[in-house]
Amino acid sequence: EDKVVQSPLSLVVHEGDTVTLNCSYEVTNFRSLLWYKQEKKAPTFLFMLTSSGIEKKSGRLSSILDKKELSSILNITATQTGDSAIYLCAVVQGAQKLVFGQGTRLTINP
Amino acid sequence: SAVISQKPSRDICQRGTSLTIQCQVDSQVTMMFWYRQQPGQSLTLIATANQGSEATYESGFVIDKFPISRPNLTFSTLTVSNMSPEDSSIYLCSAQGQGGTEAFFGQGTRLTVV
Chain B
4 EDKVVQSPLS LVVHEGDTVT LNCSYEVTNF RSLLWYKQEK KAPTFLFMLT SSGIEKKSGR
64 LSSILDKKEL SSILNITATQ TGDSAIYLCA VVQGAQKLVF GQGTRLTINP
Chain X
0 SAVISQKPSR DICQRGTSLT IQCQVDSQVT MMFWYRQQPG QSLTLIATAN QGSEATYESG
60 FVIDKFPISR PNLTFSTLTV SNMSPEDSSI YLCSAQGQGG TEAFFGQGTR LTVV
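So the protein sequences, as listed, match chains B and X. Residue numbers for the first sequence follow this note's numbering, beginning at 4 and rising by one. Residue numbers for the second sequence follow this note's numbering, beginning at 0 and rising by one.
In short, the hints are calculated from the structure, not lab data. Mixed in with the good hints there might be a few duds.
Unchecked claim - Per label pair, the in silico range of CB-to-CB distance:
no.	chain 1	residue 1	chain 2	residue 2	range
1	B	N78	X	S80	41 to 47 Å
2	X	K6	B	A81	34 to 40 Å
3	B	K43	X	S83	22 to 28 Å
Unchecked claim - EDC-like mimics (lysine to aspartate or glutamate), calculated; alpha carbons at most 20 Å apart, straight line:
no.	chain 1	residue 1	chain 2	residue 2
4	B	K59	B	E72
5	X	K64	X	D10
6	B	K60	X	E101
7	B	K44	X	D86
8	B	K70	X	E101
9	B	K43	X	D86
As the structure is a prediction and not an experimental result, all values here were calculated from the model. Glycine included, each C-beta is placed from N, C-alpha and C at the ideal position.
With these hints in hand, go ahead and build the complete structure from the sequences.
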């Protein structure tokens, strides 16, 4: 059965801390891995990763894929209260279907 | 990137009734998908909305309960039929281009069944 597992499920840190969120997957016909931020209802796109070892960066956020380990990490440096959200990892399969992980609920305390 | 307009954004419905959710994309897209997110859970794919043919449903979801239309490459609807309180969820549509590109989401519909 295809599955995507995220860890931790919940994380509480102080503003300014650095966090690392993990995503591991076991899926058939892997095409790419996506990270999303969900604050209210609609997930907003962060990164798409297709190649192993190439870091994608956007401001304080960065992400990298390890196809050998079937995993990805999302790093957030110098966290701010506005980073509080659920972070979702999803794998795109060959038929373009997305399989989502459970999400990591990140809370940044001032 | 695609912009997706989804409506309604929320609704409170009586059990036994049906609700139709609409999604309009600002460009033609190959694939449209419908997801459900139950409280405290992640997104679960309901079905893939195919243009010109019947939707493809995931295990545990059936056409009679969740009929889907996809009349063209920019529009789709999902109906939640004969609702019960267990159908209370956020429903999300998404669109993807070809080639494993990122999926973009509508704003979501928060459905409460009483």
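Here is how each hint holds up against the structure:
no. : hint                      : verdict
1   : B:N78 / X:S80: 41 to 47 Å : 44 Å, holds
2   : X:K6 / B:A81: 34 to 40 Å  : 37 Å, holds
3   : B:K43 / X:S83: 22 to 28 Å : 25 Å, holds
4   : B:K59 / B:E72             : 18 Å, holds
5   : X:K64 / X:D10             : 18 Å, holds
6   : B:K60 / X:E101            : 16 Å, holds
7   : B:K44 / X:D86             : 16 Å, holds
8   : B:K70 / X:E101            : 18 Å, holds
9   : B:K43 / X:D86             : 19 Å, holds
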